[in-house]
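Asks: In case you want the letters, here they are:
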Amino acid sequence: MEYSEKVMDHFTNPRNVGEIQDADGVGTAGNPVCGDMTHIHIKVSDGRITDIKFKTFGCGAAIATASMTTELALGKTLEEGLAISRNNVADALDGLPPVKLHCSNLAADALHAAIEDYLSTSESDTPYITTHQQTE
Amino acid sequence: MERIYLDHAATTAMDHEVVQAMMPYFTQASGNASSLHSFGREAKHALDSARQTIADALNAQTDEIIFTSGGTESNNFALKGIGKGHIITSSIEHPSILKTCRYLNDHGCDVTYLPVDADGMVDPGDVESAINSDTKLISVMHANNEIGTIQPVDEIGAIARDNGIPFHTDAVQSFGKTEIDLQKMNIDILSLSSHKIYGPKGIGALYIRRGVKIDPLMHGGEHEKGRRAGTENIPGIVGFAKAASLAIERFSSDREHLIKLRDMLIDGAMNAIDDVFLNGHPVKRLPNNANLRFKFVEGESLLLHLDMKGVAVSTGSACSSASLEPSHVLLALGLAPEDIHGSIRFTLGRENTEEEIRYVLDVLPEMIDKLRAISPLTGR
Chain A
0 MEYSEKVMDH FTNPRNVGEI QDADGVGTAG NPVCGDMTHI HIKVSDGRIT
50 DIKFKTFGCG AAIATASMTT ELALGKTLEE GLAISRNNVA DALDGLPPVK
100 LHCSNLAADA LHAAIEDYLS TSESDTPYIT THQQTE
Chain B
0 MERIYLDHAA TTAMDHEVVQ AMMPYFTQAS GNASSLHSFG REAKHALDSA
50 RQTIADALNA QTDEIIFTSG GTESNNFALK GIGKGHIITS SIEHPSILKT
100 CRYLNDHGCD VTYLPVDADG MVDPGDVESA INSDTKLISV MHANNEIGTI
150 QPVDEIGAIA RDNGIPFHTD AVQSFGKTEI DLQKMNIDIL SLSSHKIYGP
200 KGIGALYIRR GVKIDPLMHG GEHEKGRRAG TENIPGIVGF AKAASLAIER
250 FSSDREHLIK LRDMLIDGAM NAIDDVFLNG HPVKRLPNNA NLRFKFVEGE
300 SLLLHLDMKG VAVSTGSACS SASLEPSHVL LALGLAPEDI HGSIRFTLGR
350 ENTEEEIRYV LDVLPEMIDK LRAISPLTGR
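For the protein sequence lines, the chains are A and B, in the order given.
Residues 0 to 135 (numbering that gives the first Met the number 0) are what the first sequence spells out, left to right.
Residues 0 to 379 (numbering that gives the first Met the number 0) are what the second sequence spells out, left to right.
Treat the hints as calculated values from the structure; they're not laboratory data.
Where hints are given, some of them may not hold.
[As the list claims (entries may be wrong)] Only pairs whose alpha carbons sit at most 30 Å apart, straight line, appear in this in silico DSS-like list of lysine-lysine:
1. A:Lys-52 / B:Lys-294
2. B:Lys-200 / B:Lys-283
3. B:Lys-294 / A:Lys-5
Chain A with its partners taken away, still in its complex shape (with noise of 0.2 Å):
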């Protein structure tokens, strides 16, 4: 088994690291039982994520899937966000070997979280979203 470049590179440099105090959404995916878990922290501001901070407790792909997604969200419209794959994390880090693509690759559904936590608790009613899609 071996990791692609850009794996080990997130791995070694993880981006957007922690947690935010007054975050707007928060997110969960997987547990330590079965090896992998990451929380994402996300900032919401005109419908935008506007700041994004991840934790994970895993191995090498689930940390830099984690740290590969904040970067593919940050910045953009909750619905780009909760567009974003786990597939297109996967094809953004060049790869990852097939034992890892289930179960190392949770980060999207920890952002997707995070974006669902934040709509369900803001007061106005989606007005951001047209389409609920349902991402794998």
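Fit chain B to the known structure of chain A by using the hints.
Replies: Chain B in isolation, oriented as in the chain A frame:
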């Protein structure tokens, strides 16, 4: 970058003396030991002499040693050759025992898998209570490959002897590192491998005490007195014997060296880093095994960081295994899954130095800090 190999339980590099001993048998004395001509006689002579070396290393008779392709074959041979009936084994055996037991279970054998305590020890009392009138074999490993715990094989052997049941032990990890006394331990069948003791891969042996009947696994020619068919791997056998004689010769100095480095690593890591724990028995463990559990981090991530610094280790984490299953050994200790994922096995070798261990202790705390800083489990 200097590379530091701390994965000797996986395999070892061959000793130069072993390679030298093998060389003539690849090119010059390359006959088939079954042939009557001079080439064949040379091969047969090398085979006999190697068998004597292995027998001497175990204080056994030459007709009690059968060469195999390695530990996996030896374990399959012992278990499948004993005949139908009930087998008692432990839940922390190597997969070559556990999966063979599963296979035998599917083919009409009953198997009892004994639990272990939090240090990985089998209770000999459990062995005794598991025995029934149909029990054909007791198989408990000498030392565990992941956590290094050394089982009370002398007590288990005595129970087997008292009940007239053959006792097999997988000594692949212990041979050359801790004392094996076939008589005192009442061992009837014992598996050995060459590549864990600086010998070549693809060769091992099964010791079968005189009078114990094990059916062949490999059927064919009359090699090994009809007990293991297949042209003998003479270079491999010669290399294995050389490695075994070096292991016996260097037994005390190797042990002293390994224990010193192992304890330096364990104590050093525990002193420098918070929330580090030792997996396996604190005292009854292999001289070269340090299996450490780093809380809040995942093993593969730590393995990758160590690898980037040139340090080779292995982990019980599911994420680094092809099966994506966490280690069955660490699960049997009763550890929480997230702690299993954070366990790293360091296994030392003859060529490792204090300087190398100091380097590992130098780079380790920073890696743990870095991983804990991004871990949601630390609550920081």
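Asks: Flag every earlier hint the structure violates by its number, smallest first.
Replies: none
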